[in-house]
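Protein chains: 4
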Amino acid sequence: MSQETVAAAIPNVLAERYASPALKDIWSPAGRIGIERDYWIAVMKGQRTLGLKIPAEAITAYEKVKSQIDLAAIDARERKTLHDVKARIEEFSGLAGHEFIHLGLTSRDLTENVEQLQIHRSLGVVKMKAAAALIGLAKQAKTHRDVMLTGRTHNVAAQPTTLGKRLAMFGQEVLGAYARLVELIERYPVRGLKGAVGTQLDQLTLFGGSAAKVDKLEKAILKHLGFKQALFAVGQVYPRSLDFEVVSALHQLGASAASFATTLRLMAGQGLLTEGFQAGQVGSSAMPHKVNARNCERICGFSTILSGYVTMTGALSGHQWNEGDVSCSVVRRVALPDAFYAIDGLLETFLTVLKQMDVFTAAIAAENTRNLPFLATTTILMEAVKGGAGRETAHEAIKEHALAAAKAMRSGGGDADLVGRLAGDARLGLGRPKLEKILSEGSRFVGAAPQQVDTFVGEVARVTKGVKGASAYQPGKLL
Amino acid sequence: MSQETVAAAIPNVLAERYASPALKDIWSPAGRIGIERDYWIAVMKGQRTLGLKIPAEAITAYEKVKSQIDLAAIDARERKTLHDVKARIEEFSGLAGHEFIHLGLTSRDLTENVEQLQIHRSLGVVKMKAAAALIGLAKQAKTHRDVMLTGRTHNVAAQPTTLGKRLAMFGQEVLGAYARLVELIERYPVRGLKGAVGTQLDQLTLFGGSAAKVDKLEKAILKHLGFKQALFAVGQVYPRSLDFEVVSALHQLGASAASFATTLRLMAGQGLLTEGFQAGQVGSSAMPHKVNARNCERICGFSTILSGYVTMTGALSGHQWNEGDVSCSVVRRVALPDAFYAIDGLLETFLTVLKQMDVFTAAIAAENTRNLPFLATTTILMEAVKGGAGRETAHEAIKEHALAAAKAMRSGGGDADLVGRLAGDARLGLGRPKLEKILSEGSRFVGAAPQQVDTFVGEVARVTKGVKGASAYQPGKLL
Amino acid sequence: MSQETVAAAIPNVLAERYASPALKDIWSPAGRIGIERDYWIAVMKGQRTLGLKIPAEAITAYEKVKSQIDLAAIDARERKTLHDVKARIEEFSGLAGHEFIHLGLTSRDLTENVEQLQIHRSLGVVKMKAAAALIGLAKQAKTHRDVMLTGRTHNVAAQPTTLGKRLAMFGQEVLGAYARLVELIERYPVRGLKGAVGTQLDQLTLFGGSAAKVDKLEKAILKHLGFKQALFAVGQVYPRSLDFEVVSALHQLGASAASFATTLRLMAGQGLLTEGFQAGQVGSSAMPHKVNARNCERICGFSTILSGYVTMTGALSGHQWNEGDVSCSVVRRVALPDAFYAIDGLLETFLTVLKQMDVFTAAIAAENTRNLPFLATTTILMEAVKGGAGRETAHEAIKEHALAAAKAMRSGGGDADLVGRLAGDARLGLGRPKLEKILSEGSRFVGAAPQQVDTFVGEVARVTKGVKGASAYQPGKLL
Amino acid sequence: MSQETVAAAIPNVLAERYASPALKDIWSPAGRIGIERDYWIAVMKGQRTLGLKIPAEAITAYEKVKSQIDLAAIDARERKTLHDVKARIEEFSGLAGHEFIHLGLTSRDLTENVEQLQIHRSLGVVKMKAAAALIGLAKQAKTHRDVMLTGRTHNVAAQPTTLGKRLAMFGQEVLGAYARLVELIERYPVRGLKGAVGTQLDQLTLFGGSAAKVDKLEKAILKHLGFKQALFAVGQVYPRSLDFEVVSALHQLGASAASFATTLRLMAGQGLLTEGFQAGQVGSSAMPHKVNARNCERICGFSTILSGYVTMTGALSGHQWNEGDVSCSVVRRVALPDAFYAIDGLLETFLTVLKQMDVFTAAIAAENTRNLPFLATTTILMEAVKGGAGRETAHEAIKEHALAAAKAMRSGGGDADLVGRLAGDARLGLGRPKLEKILSEGSRFVGAAPQQVDTFVGEVARVTKGVKGASAYQPGKLL
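Residue numbers (full-length UniProt numbering), protein chains in the order written: chain A, 1 to 479; chain B, 1 to 479; chain C, 1 to 479; chain D, 1 to 479.
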């Protein structure tokens, strides 16, 4: 391999094309080392407080150099020692001019906790962006609260709803995923300092057998790092089903956005809306009218990606051998960061669509006009009966016309004028003006859709309140 | 279908070989009809309270016949009407001699809620059995709290722990899955009465447009059925990612048991314990000594099965088209009951193993004897230095002997007598008696393992307190 | 199990609602016993031929009773012996009045081979139905070979194609899955008679150490059962990745049908076709015009189900412990039959849709009319230039009108009359008649679509030739 | 983000830590551009041959500069044009000083075929390494052909086999995956030049409507690129279930290696062998005797990773909308290269283990000594009877001693001296010398194991013959 090729390492496509700096900073090689150094410093501080002879100036020295991250230097050390953790210890201590980090720690006391910190912080970023997405959805739902829309089941016109309600409906799914995410973040427990097989032997030895001190040290570190609870009976590793829980929570969140995106793709195909253009985006020169729902397709793609990481972490779960092994190692190196990059890319795309989507209300109205007579037959029946028609007679008449109109539409390919047909039937006694009046009263057909939007908007305000940065968050520019 | 074929229907293997009556009663055709009828009655009661003209004696009549479930009669009706919900309405009303059920409901107002009831009740059963498993684990952990055991990482002897601690370690994983399950049960929201596309149009029409009454009806039904919250902005269906959440919670629970089972299979292979025999079980006549960890293998199998249902429900998530479609229908018919049967079979098996497992403490002690000298080299070094040996000299001596002993073990295939080697080395100044004394002080090597067991036992008591039936639950006989 | 419970066994929903008798006969409890008895007889015959003292009349006796399958009697025997294989041996020998089956066999020598026979025969059924589906697709493609259709990418109108070509396109995907299936059937190897850990020890003992006779016995059995090759170095079990190969081939086939079904659902939503009605099927009384693509949705559902069994069998692969264990047992009991029921239900549904689908050519033509002016702008440009217009001028004019028309369509909701706009622009020099003439020449726009249909039809004829029963196969009535 | 951070793009961990140059060269950004340029040149040559006016010197010019790949320059162009394919066209044409590439191609005519080339070439590399692994396995199997080993089922001693046979058994699984891979490579069809919706409209236009020329062009390109067949009726894209087929074939291959690796991990835990040390590798300083099966664990990890990409590509299958969309785009960007990196890393690791594994035959013999008396009871019975003992009496005596010995082993933790017990029982009439003689005749117990090794070795020779580079291939140094 030539020098040039080395320089041009193959990039992680999820990180480099789709993820935002917030996530990349957590999971990049340099970002990880930063977190690791913070962790070491927290341990030192805790150990010092509890009586270990670690000089204050040593801690200060480490703190001073903690941002001097020289990947090449660390790499050179690793090639000599052939041990990655050792190389990073030596580099950090070399910079600080002291040797007080990693006392009584095994490699897993470091790496498990650091990775859990990466996960926990990433979950925080995801929560903020999910909250931002909910706020965006609520805004769009409110805007289109009363825009009557032909609701579809089986992809076929079924009953009217409103566009705002449809958006709230997808928002409902996001809210479910969000609630789960919040619970997980609250409960997420860290492995802590447990030694080679989880018995805390090394820290106990360090503190002369004082279980109280070992316990205090762990609590101090938890607090420092922002965790509320530690696991108390682990082996070499924390249970891998916890990774599955994390990734499946991400998939649930991604899937809720994908439901929204799938329906937007359907609506774009029917010309009812567009996901919008990004500034500077150029369409096909051959087909300048064509507006593709590419971002919505991408959201669906990210959701599919997440399902793969669910499989990977799901396959790790339940396979712990004794106190732990490293058959999970390469899997977690891939699945954990990549799952976070994927959900991050998904949320960035989702937020972009929510910001740029553009509704063609005239097209939506035209669709209603074509479908409403079919969807409103129950109401028309009631009105005919009210006006004096016999129920059975009227029902028969309506059914005849509906079937005939549907047939005409299919064989003629165009509008079937069901209203005209109904207006011309004396059995119903409803002229065209009366029928059109009925059909024009949208609120008769959309039920509680607008009120449901209000509930959704209120719920979003409630659950996103206090989520720092969410309401102001703007997605980055997409590739 | 002819009578003969009905008689010989292909059975659901998960239900019929592995699941317990508690789960089968919820998901069997008759069980489902029972739940459905309860639901219809709850709706009628609510509607009557809110002013619909439903006579009290009609409700009484329905209640009286609700347990008369004649699958053949319903089947005959379905073959006439070609509509399953209609057939069941007619049967129930026929038995009651009234026609007041299903007023203003669409099929999904029935089926979604009934299925969610099945899910919610099943989750309750699963929670009870998971609590029973935790209690069983805690009991075993307590019993073996101080039994020193050769802890392993990479499947190779690493550091001592205790058997109780190892069991607590797997209990820790179960606790995580249990916590998530409890959260899910608490939060699990039901779809409620929302009509064909979710706008509540039909119920609103039924109550003359009174949103307040529609709201009250839903609340009454929720209360009656034991749900704490309803979704407020659904389409035809509730979001399918909720099914994924349920099934992934089951997989997480199953995986936690599978980690335990995997390690028991390893330990059985090393002759350290057995999962036990069931009363009446006969071993191979050719190999009467052979005790296979079949139940533990089965637990692992169930966990694998659950991973498949995770994939199925995960693949449904994010694919909602508009207000909903039925491409999920056949998937949910399979994945939901079968996932519950699988976790139920898994928990029954897990509980059986916890009850019957038998530990060969002498074999465990013999393993320690073989390994402890290797695992205790750090302690031996300290003692040698304390006794006057030079640290470097002692370190060198120990390393020499450890490597030589390991080599001897591999090439000789038997015991390597590391203790003898060390005892014979004047550089260390430790005789065999002294060395054996060190090695006999098990508590020096197991760190906080016993105390972690205590914490686990306490935690189990805390989280299972008040879970009705858990502490007394006994698994059924396995096939 | 009491009589009542036996009567109301929970049925396997995939088998009982969706699968056809052909598959159910292979996988039902009785069906399996039939295959097992055939296998035992084949072994006896082989052993007799090679010199074991098995009387001819004993074999005749077994053959005579082999169809007397009394599940209740076998069940009663199993409750006494607590061993399923033993119970079935005793029942069969009891009926025959001889004791010559299962000589020198271990349980796995029976069960592995029987299950592989079930798989191999099922694959044959699947192949036949896949061939039938190809024939159905080819017929539909031929019928609609020249029906111009608005091709879509990103779900948005892109370039014309023909409906026949679109069907051939999905047929191409089916052909790929079919080719793989055929290869798999050809190559599928059976485990054979290998004994408890695969060393053939017991058969060798039986034949006094004659490896040649053991080999001949196996070859005879293979031939008898229709396999072309046996594995030669297995353990207790055949490699489980072979199950993964089978199930992933089924998923590939199912997915190819699901691609077709997905697009039919899209087209049904746009009113371009219907999957058809089954005789006797009644639509919604409230919405008599509504034709739901329920069967196509079901096809997609089956495909999702298969993806779950891919995960299950994929998770078994790579986890063999030593010569084999039974952690796969419960998984295979579920995943293998259920995967075959699912693909069978899928193919039955697919064949039904292919038979009943109904194309609304007028609606397709109307869609073309709306879209073709946009899709034909390149051709219009060429014609304008041919007629004397400057290329740049003409391009500019067309672009102006296309964008304006698209905008009008979105804001007006209706037809945008791009033709009218172009006809009215002197810069192009093309009047409405000329433009309409261009647009009417469908063959200018569909490229090689019709010829590709011909290739597809030819290819289907080639690969399905000689597949017994395929061309005449009719799907059963769907529930 | 600072300049430095930009420079240090987050690397693809599978590519950079585990994959070999052969795979990285195919999938790296530069590697892809190389393949793309080859493709463009092949198209030009074909078009020129068929009459398009493309000067020979233009082609020569392109060929001359095709290796000048300047990623930064291309990136700068993309930032201007905002179109990745356009940027690469301009760069290549700029370098060549001509504009003859990409005539009549749409983006997918380029990208689909290039990606299929990447896949096809990667499959070739994988095949070569799989062949190398088979050769390595055959070599090890041959070396240990006759080393008697305690075969295990349920992880418990069951019947003797040989180590060579156990290796051949895993080789059998690899052979199955290899056969499938070879079939796939042979059959793998390329999309070809089909235009925007697959109708070949643009190439037909380019060649004045000559279908014959379009066909010839495609055939010429296929030949040039090494494909044997093209798809004939695609849409915008080739069917995505083909990607699923590829990735599931990789998973099958990876799983076959993982079965081997799992059992090596079990054997390492029992001290029977080691996967070996890499030159320069340093063990734990605290536990110098500890030899972890890290590489085998890693193989299992890669297999798990592949299962996730199976899920991803499986989830794409069956979801084509119309002539195609790009919801698969981001998924394929991740799953395809990463699946190949993973299988490559797996094979490199597998080859390393096969090269370095070290068998502790003494330990294996010691295990046999402990277990053989139990496993040989059937033979001992026969010998006792031969010597004059009554069958029933002898059977009873053996059973007594076997159970007592097993019990003693468990309660005493050590050797149970079954031989001594049997030797001391007059009912059997077999003294210790006779018993030890029986037990020493290994070949009585291993059946056809050695002959099966021979068959395996022969089969490997047959299928790997002619696979260029396989027998000489050496894995790279692992990290």
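Take these hints with a grain of salt, some might be off.
[To be verified] A short, non-exhaustive set of chain A residues, derived as facing chain D with CB atoms under 10 Å: (1) Ile10; (2) Asn12; (3) Ala230; (4) Cys300.
[Stated by the list, open to error] Derived pair list, reagent style DSSO-like, types lysine-lysine, alpha-carbon separation capped at 27 Å: (5) C:Lys213 / D:Lys355; (6) C:Lys477 / C:Lys355; (7) C:Lys80 / B:Lys290; (8) A:Lys142 / B:Lys216; (9) A:Lys80 / D:Lys142; (10) C:Lys80 / A:Lys434; (11) B:Lys355 / C:Lys213.
[As the list claims (entries may be wrong)] Coverage of chain D stretches by chain C, computed from C-beta distances (three or more under 8 Å per stretch; other residues unrestricted): (12) 149-161; (13) 246-256; (14) 424-431; (15) 448-459.
Please keep in mind that the hints were generated in silico from the structure rather than gathered at the bench.
Fair warning: this is a prediction, and the values are worked out from it, not measured in the lab.
Glycine is no exception: its CB is placed at the ideal position from the N, C-alpha and C atoms.
Now the hints, each set against the structure:
Checking Ile10 of chain A against chain D: minimum C-beta separation of about 4 Å stays under 10 Å; hint holds. Hint status for Asn12 of chain A relative to chain D: holds, with the closest Cβ pair at about 5 Å, below 10 Å. Taken as an interface hint, Ala230 of chain A does not check out: its beta carbon lies about 25 Å from the nearest beta carbon of chain D, beyond 10 Å. Hint status for Cys300 of chain A: holds, given a least beta-carbon distance of 4 Å to chain D, under 10 Å.
Restraint check: the Cα-Cα separation between Lys213 of chain C and Lys355 of chain D comes to about 37 Å, which exceeds 27 Å; the hinted pair is violated. The straight-line distance between the Cα atoms of Lys477 of chain C and Lys355 of chain C is roughly 12 Å, inside the 27 Å bound, and the hint therefore holds. A threshold of 27 Å between alpha carbons decides the hint, and for Lys80 of chain C with Lys290 of chain B the separation of about 22 Å falls inside it, so the pair holds. Straight-line distance between C-alpha atoms of Lys142 of chain A and Lys216 of chain B comes to about 25 Å, which keeps the hinted pair within the 27 Å bound.
Proposed proximity of Lys80 of chain A and Lys142 of chain D is contradicted: the alpha carbons are some 38 Å apart, above 27 Å. Taking the CA atoms of Lys80 of chain C and Lys434 of chain A, the gap is about 79 Å. The hint is violated against a cut of 27 Å. Using a Cα cut-off of 27 Å, the hinted pair Lys355 of chain B and Lys213 of chain C is violated, with the two alpha carbons roughly 48 Å apart. Residues of the region 149-161 of chain D lying with their CB closer than 8 Å to a CB of chain C number 9, which satisfies the three-residue condition for coverage.
For the region 246-256 of chain D, the proposed coverage by chain C is satisfied: 6 residues have a C-beta within less than 8 Å of a C-beta in that chain, meeting the threshold of three. Counting residues of the region 424-431 of chain D whose CB falls under 8 Å from any CB of chain C gives 0; the rule of at least 3 is not met. Restraint check on the region 448-459 of chain D versus chain C: 8 residues with Cβ-Cβ distances below 8 Å, three needed, restraint holds.
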